[in-house]
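Going down the list, the protein sequences come from chains A and B. Take the first sequence: its position 266, counted from the start at 1, is 266 in our numbering, and no numbers get skipped. Adding 1000 to a residue's 1-based position in the second sequence gives its number in our numbering.
Hints are computed from structural coordinates only; laboratory data are not their basis. Do not take every clue at face value.
In silico EDC-like pairs for lysine to aspartate or glutamate, Cα to Cα no more than 20 angstroms straight-line [unchecked claim]:
(1) A/LYS29 <-> B/ASP1140
(2) B/LYS1189 <-> B/GLU1155
(3) A/LYS29 <-> B/GLU1155
(4) B/LYS1234 <-> A/GLU159
(5) A/LYS29 <-> B/GLU1058
(6) B/LYS1136 <-> A/GLU52
(7) A/LYS3 <-> A/ASP36
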Amino acid sequence: MTKYTYTEKKDTRSGFGAGLLEAGKRNPKVVALCADLVGSLKMQDFINAFPERFVQVGIAEANMIGIAAGMTIGGQIPFTGTFANFSTGRVYDQIRQSVAYSDKNVKICASHAGLTLGEDGATHQILEDLGMMKMLPGMTVINPCDYNQTKAATIAIAEHHGPVYLRFGRPVVPIFTPADQVFEIGKAWMVSEGTDVTIIATGHLVWEAIQACEKLEAMGISAEVINIHTIKPLDEEAILKSVSKTRCVVTAEEHNRLGGLGDSVAQVLVKNLPVPQEYVAVNDSFGESGTPEQLMEKYKLNAPAIVAAAQKAIQRKG
Amino acid sequence: MTQDILELKGIASQVRRDIVRMVHGCQSGHPGGSLGCTDYLVALYFSIMKHDPSFNMEGAGEDLFFLSNGHISPVFYSVLSRSGYFDKAELAEFRKINSRVQGHPTTHEGLPGIRIASGSLGQGLSVGIGAALSKKLNGDDRLVFTLHGDGELQEGQIWEAAMFAPHNRVDNLIATVDVNGQQIDGPTKVVLSLGDLRAKFEAFGWEVMEMQGNDMTLVVEGLQKAISLSGKGKPVMILMQTEMGAGVDFMMGSHKWHGVAPNDAQLQQALDQLPETLGDY
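Only chain A is shown next, with the shape it has when bound in the complex:
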């Protein structure tokens, strides 16, 4: 397997902040909107550089989505920023009508997604956002894995015309993506090649998948790891190519097992290549308060859980 190491850990939201600043430098049409969470979304550098291109909307997420949709009329490229819960569930109808159905070039950027938000607890830990956003026709859904990839994704979506949901997290995670790696929307990243099982992961669970891959190798199992940073459009070709070789799959995501990456992969497999699939995901429950590490352990969203799922999937191959 390909070896990955890291020298630094950083939060993906800082990758978003750095990417937003860079996107703003490259294109004067890039504007940013925030609902009273500038610090959490790491938007201050953009604001310092382009104060006239920043809109503070206050704690009013519905209004933020509407203003963003309106700003596209005139050619601006709005990036909205708040927590993932308030970026999606709270404003689903606004996104549906004013952004997706109206095909507006709005980038909905969502931080603090999933359980790893931690101590704030279930009210803030959305686990349904990928499902909601991917069900909207025309919506591109992206969940990058580390600082570098989040930065690259932020720059890439500014150049992509159409509505985008970009999801990232709160805690610091290892940086293992090369800083110069090109981010191609809809194109999976083959992280490591293997023959016995395909591990398809998204977000910071890609790092857990890499750890799982090493553990499996020590057990004599060869795992292929694919980073699906773009949930929609899904790189079906990469998935089928890998699965036709390994004949079993583990999907790993910090999301409800209903409606997330796992279900997207299952749809591809059931139509083309039915094989055993195991889900590493939250088992249709809400979260709770705790440290990110404690929650990853309790809800089984870590490398040991991926190892166990891989063993089970291989066993089911028969």
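Fit chain B to the given chain A structure using the hints.
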């Protein structure tokens, strides 16, 4: 009465004929509010706004209009087609399968003149604010107009937007509320009272004016006054008094014609009250 006003009144009569015929044609849609807002939309598109029927989405250098209460789509479609955005024959396809004139306005079918989908209420003021901010960034000094139903003000997002616009000195925005006092389940004051709208918007920092919305002379004068109030640091709010169903006597004064189509005899009765001036579709 000047020739211009006479001409606008003639267009309004034709638009009202279109509305009742469209809703009759598919036996579905919202005639009451459409008829009530006809004079406003005719004045806007045929007298007040600088706009280009060759249509592009961004509308640089043009005044823009956003319909927030999308259910009054019949009046919007009629006014757009009769201002040259698309062939009036297309009005006959209203709410029918494979049509661009959907039940509620959408950009999805590519109908010229529509810049945002609406139908789910309460979103248009935010969108109008966004478009107005965009114009400021682009150094474009034209105006943004929005129209809302009074029942729509019960949506919370309206008040998020109402707070935002004065705080951010969005003074290239002229919003209008159609105060007809009716909503689906009955009079607004029975369903959920709106209270003193002038005091509410003034408290947020809007420049508020009132206008009678079913007298063409007063509508044109009112819109001209609203424009004179714009550009002075505050968004402008027009509280427009209208009669639901205006122009068709048996539809007036009741919420019952909010979303009901006339039958054949009722259609004829309505058309008999509305002179044809530009030819039906």
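Structure-based check of each hint:
Restraint check for A/LYS29 and B/ASP1140: the C-alpha separation of about 15 angstroms stays at or below 20 angstroms, so the hint holds. Taking the CA atoms of B/LYS1189 and B/GLU1155, the gap is near 15 angstroms; set against the 20 angstroms cutoff, the hint holds. Restraint check: the Cα-Cα separation between A/LYS29 and B/GLU1155 comes to about 31 angstroms, which exceeds 20 angstroms; the hinted pair is violated. Between B/LYS1234 and A/GLU159 the alpha-carbon distance is near 35 angstroms, which puts this suggested pair outside the 20 angstroms criterion.
Straight-line distance between C-alpha atoms of A/LYS29 and B/GLU1058 comes to about 13 angstroms, which keeps the hinted pair within the 20 angstroms bound. Using a Cα cut-off of 20 angstroms, the hinted pair B/LYS1136 and A/GLU52 holds, with the two alpha carbons roughly 10 angstroms apart. Taking the CA atoms of A/LYS3 and A/ASP36, the gap is about 41 angstroms. The hint is violated against a cut of 20 angstroms.
Checked against the numbered hints above, the structure violates hints 3, 4 and 7; every other hint is satisfied.
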